[in-house]
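Colleague: Sequence:
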Amino acid sequence: MRIFKGVGLGLTLVGLAGCGPRLTDSGVLNYASTGYDKRLYDQPPKILGSLRGVDVVVEYKCSDICPNHTVRIIRFELPNGMNCNEAGGRYTYFELPPFSMQPEGGYCVPAVLLDNWDQYVK
Numbered sequence: 031m032r033i034f035k036g037v038g039l040g041l042t043l044v045g046l047a048g049c050g051p052r053l054t055d056s057g058v059l060n061y062a063s064t065g066y067d068k069r070l071y072d073q074p075p076k077i078l079g080s081l082r083g084v085d086v087v088v089e090y091k092c093s094d095i096c097p098n099h100t101v102r103i104i105r106f107e108l109p110n111g112m113n114c115n116e117a118g119g120r121y122t123y124f125e126l127p128p129f130s131m132q133p134e135g136g137y138c139v140p141a142v143l144l145d146n147w148d149q150y151v152k
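The sequence shown begins at 31 in our numbering and counts up one residue at a time.
There could be a bad hint or two in this list.
Straight-line distance between alpha carbons at most 20 Å, and here's what the computed SDA-like set of lysine to any residue pairs gives [stated by the list, open to error]:
no. : residue 1 : residue 2
1   : Lys68     : Asp55
2   : Lys76     : Asp145
3   : Lys76     : Phe124
4   : Lys91     : Pro127
5   : Lys76     : Asn60
6   : Lys91     : Pro128
7   : Lys91     : Pro51
8   : Lys76     : Asp148
9   : Lys68     : Ser80
10  : Lys152    : Cys92
Distance windows between CB atoms, simulated [claimed, not checked]:
no. : residue 1 : residue 2 : range
11  : Arg69     : Glu116    : 25 to 31 Å
12  : Arg52     : Asn113    : 17 to 23 Å
13  : Gly57     : Asp94     : 18 to 24 Å
14  : Arg69     : Asn115    : 33 to 39 Å
15  : Glu125    : Lys76     : 32 to 38 Å
16  : Ser130    : Arg52     : 14 to 20 Å
I should point out that these hints are in silico values taken from the structure, not numbers from a laboratory.
No residue lacks a Cβ here, since even glycine has one placed at the ideal position from N, Cα and C.
Let the hints inform the model, and build the full structure from the sequences given.
Modeller: Printed below as a string of structure tokens:
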């Protein structure tokens with residue numbers, strides 16, 4: 031009986047990936063096009079929802095002059111084994127404040143944001 035409970039819990043946890051609110055390209059672009067409170071720099075990354083089954087996360091980076099130099103990053107949280115292209119994204123680098131770390135290769139960002147980079151309020 032314990033085996034079945036463990037299997038059920040494991041399946042439930044696996045099923046949680048991509049379970050946030052369903053997002054659309056236009057919804058992600060609308061969110062990215064609005065201003066934000068730069069004082070959020072000390073908040074942990076937050077899942078906004080799921081775009082084509084892949085979690086979209088917002089996080090804020092700041093280092094030395096906060097909150098004035100806060101940068102908002104909206105990116106995919108790629109599941110193991112999925113590449114950025116499969117998620118519908120492309121890799122890019124952000125202009126971050128000094129001493130802020132970026133992943134090697136950049137962030138996997140929904141393609142709609144790169145296609146409309148001038149509207150994205152970073």
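Colleague: All hints are to be evaluated individually against the structure, with a verdict given for each.
Modeller: The hints, checked one at a time:
1. Lys68 with Asp55: Roughly 24 Å between the alpha carbons, so the hint for Lys68 and Asp55 is violated.
2. Lys76 with Asp145: Violated: Lys76 and Asp145 sit about 23 Å apart, past 20 Å.
3. Lys76 with Phe124: The hint holds at about 18 Å.
4. Lys91 with Pro127: At roughly 8 Å apart (the allowed maximum being 20 Å), Pro127 and Lys91 satisfy the hint.
5. Lys76 with Asn60: 17 Å, holds
6. Lys91 with Pro128: Distance ~10 Å between Lys91 and Pro128 Cα, so the pair holds.
7. Lys91 with Pro51: The given pair, whose Cα atoms are some 24 Å apart, is violated under the 20 Å limit.
8. Lys76 with Asp148: The hint is violated at about 23 Å.
9. Lys68 with Ser80: It is violated: about 24 Å lies between the C-alpha atoms, which goes past 20 Å.
10. Lys152 with Cys92: Judged against 20 Å, a Cα distance of about 12 Å means the pair holds.
11. Arg69 with Glu116: 25 to 31 Å: 35 Å, violated
12. Arg52 with Asn113: 17 to 23 Å: 22 Å, holds
13. Gly57 with Asp94: 18 to 24 Å: Given about 33 Å between the Cβ atoms, the range is violated.
14. Arg69 with Asn115: 33 to 39 Å: At 35 Å between Cβs, range holds.
15. Glu125 with Lys76: 32 to 38 Å: Violated: the Cβ-Cβ distance is about 22 Å, outside 32 to 38 Å.
16. Ser130 with Arg52: 14 to 20 Å: 31 Å, violated
The structure shown violates the earlier hints numbered 1, 2, 7, 8, 9, 11, 13, 15, 16.
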